[in-house]
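Same order as they appear, the protein sequences are chains W and B. No gaps in the numbering here: position 57 of the first sequence is 56 in numbering that gives the first Met the number 0, and each next residue is one more. No gaps in the numbering here: position 70 of the second sequence is 69 in numbering that gives the first Met the number 0, and each next residue is one more.
If you are wondering where the hints come from, they were derived from the structure by calculation, not from laboratory data. A couple of the hints might just be wrong.
What follows is a set of in silico ranges between Cβ atoms, one per label pair, in the way DEER data are often shown [what the hints assert, rightly or not]:
# : chain 1 : residue 1 : chain 2 : residue 2 : range
1 : W       : Thr58     : B       : Met202    : 13 to 23 Å
2 : W       : Gly45     : B       : Glu315    : 40 to 50 Å
3 : B       : Gly77     : W       : Ala127    : 48 to 58 Å
4 : B       : Asp87     : W       : Gly45     : 17 to 27 Å
5 : W       : Val76     : B       : Pro63     : 16 to 26 Å
6 : B       : Gly52     : W       : Val130    : 45 to 55 Å
7 : W       : Arg114    : B       : Arg312    : 20 to 30 Å
The calculated EDC-like cross-link candidates involving lysine to aspartate or glutamate, where the alpha carbons are at most 20 Å apart (straight line), are [stated by the list, open to error]:
#  : chain 1 : residue 1 : chain 2 : residue 2
8  : B       : Lys307    : B       : Glu251
9  : B       : Lys47     : B       : Glu29
10 : B       : Lys165    : W       : Glu62
11 : B       : Lys189    : B       : Glu23
12 : B       : Lys199    : W       : Glu11
13 : B       : Lys277    : B       : Asp196
14 : B       : Lys165    : B       : Glu41
15 : B       : Lys165    : W       : Asp112
16 : B       : Lys235    : B       : Glu29
Glycine included, C-beta positions come from ideal geometry on N, C-alpha and C.
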Amino acid sequence: MSERQPEKPLPEVTPLNKPFWDAAARHEFVVQRCRRCGRFIWYPRGSCPYCGSRDLEWTRPRETGTVYASTIARVVVGNSPAWEKEMPYAVAIVDMDDGFRIYGRVLGIRPEDVRPGLRVRIDFEDLASGVAVPVFRPLGRAPDP
Amino acid sequence: MSADVAIIGIGETPYSRARADRGEVVMSAEQYASWAVSLALEDAGLSKGDLDGQGLAVAGTEWPHSEIWSAEVVQNLGFRPKLLLRGDFGGNNAVELAVQAAAAIRSGLVDYVLLLGADSPMTPFGTQTARSWRYDIDYMRPFGLMGFVTLAGLMMSRHMSAYGTKAEHFGKIAVTQREHARLNPNAYVKAPLTMEDYLKSRMLSDPLRLLDSVMFVNGGLAVIMTSRERASRAPKRPIYLLGYGLAHNYAEGDPAMPDITTTGVKVAARDALGMAGKSPGSLDFLQLYDDFTGAVLMQIEDIGFCAKGEGGRFLERTDISYKGDLPVNTGGGLLSNGQPGMAAGFVHLVEAVRQLRGEATGRQVSDARIGLVSGLGGLAYGNNLANAGALVLGVM
């Protein structure tokens, strides 16, 4: 048996989601936008879930949003034990200013201080070489030391 | 709607956590399937051959299985059904398959459908596991989310912050359902539970505590449905399907940013009650899908017993025990019965039939004539649960 430390789970890169993960690796946040109805779409889809159009483009939305709901992750369930050493941490539903919703960890603030209404912005955290995921940090506060 | 389809047989095996060290039964999903089918056939006064050329509706499993699972199940059982239905609706499996079965019987395609949910999540073997959703694999696990536990925590957290709901409100659901489980010979969890115990239980994902959540058990359940005409010849009192409703990918409000405290049961229950020509107040009990306490509270609101957000205060003034004003999850629900994997929704359906037959010894709702069963399944991204359904069942 391997004695290696557990690693965080990595996404499965597919033809659909490759533009997102390529941009994320550069710490750039891109999402799909429907060219017909103009809505921003998260997570990546094969067609617009609002109007059905397949005419989608990748674009950089505003990177700010507002916490809609939050919780504090304290135990690993159905995920890699690698997260354990970072617990407890806040996980929030964030409603982005461009009208889409995304889940993520909120870092740079005490987990219990993350509440609905908190304004946050997108940042990135590297999970492995060449793989980064969005996280959130509070707006108007100093980032983590 | 005319009550032209009825349930005439139920089977429910004992549950197990497969703790051989405690003398518990260790069995696989196939064994539970066979056991549950035998019990249901006996209950309905039917033999295996009576189901040749009829319908079989099979729920999927947590326990690893083949993709073409229903064909494996019919071969294992030696059944020769004309119609084969397969449930991949999670916690809505029982309700959804019952609706499909009713449609098939009503159309004349078959006279009988046997619905089967059997699962052994506590007895995995080999290296296979059921695959999760791509949005979980790609945009939840790498983002630090813990699946069901995180999403349940978010729903309850939102309910508390938006409406002032308190931990004790969720606790009342856990405590009352445990009292019911202690009266139900078949329920797995029997230890007494006080509000103090509940409040002290381990926090998993604030405000979700261990005692807000289900735990897996192994078990099997089966239900036999038929036409009204055939039901009148069944040995046990037929339980009629008076109405049903289903909703998938329901979003309350903006579909991009819905209210996560409102479930699709709002629409499903409205449709089911409308079809039955009944109001919420006419229901003698509720069997509500309860993978966590918050789901029960949200559904009480969604069905219309109080306004959205008032569920906590409603619970303060309402006795939800089997003797109370609004009996809820009278067998203990999944919270205290245990969740038999993907067969979980059958627990609520079977308990509803027992109540309506007057067979719920020790926890019988007095003069139970009409009840509602709900299902909720499939964790949605950015919302609550993707599959929702409701059945209104009654006696004639």
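Checked hints:
no.	hint	in the structure
1	W/Thr58 - B/Met202: 13 to 23 Å	39 Å, violated
2	W/Gly45 - B/Glu315: 40 to 50 Å	47 Å, holds
3	B/Gly77 - W/Ala127: 48 to 58 Å	50 Å, holds
4	B/Asp87 - W/Gly45: 17 to 27 Å	20 Å, holds
5	W/Val76 - B/Pro63: 16 to 26 Å	19 Å, holds
6	B/Gly52 - W/Val130: 45 to 55 Å	54 Å, holds
7	W/Arg114 - B/Arg312: 20 to 30 Å	22 Å, holds
8	B/Lys307 - B/Glu251	12 Å, holds
9	B/Lys47 - B/Glu29	16 Å, holds
10	B/Lys165 - W/Glu62	33 Å, violated
11	B/Lys189 - B/Glu23	15 Å, holds
12	B/Lys199 - W/Glu11	39 Å, violated
13	B/Lys277 - B/Asp196	38 Å, violated
14	B/Lys165 - B/Glu41	46 Å, violated
15	B/Lys165 - W/Asp112	18 Å, holds
16	B/Lys235 - B/Glu29	27 Å, violated
Figure legend: structure checked against the earlier numbered hints; hints not met, in rising order: 1, 10, 12, 13, 14 and 16.
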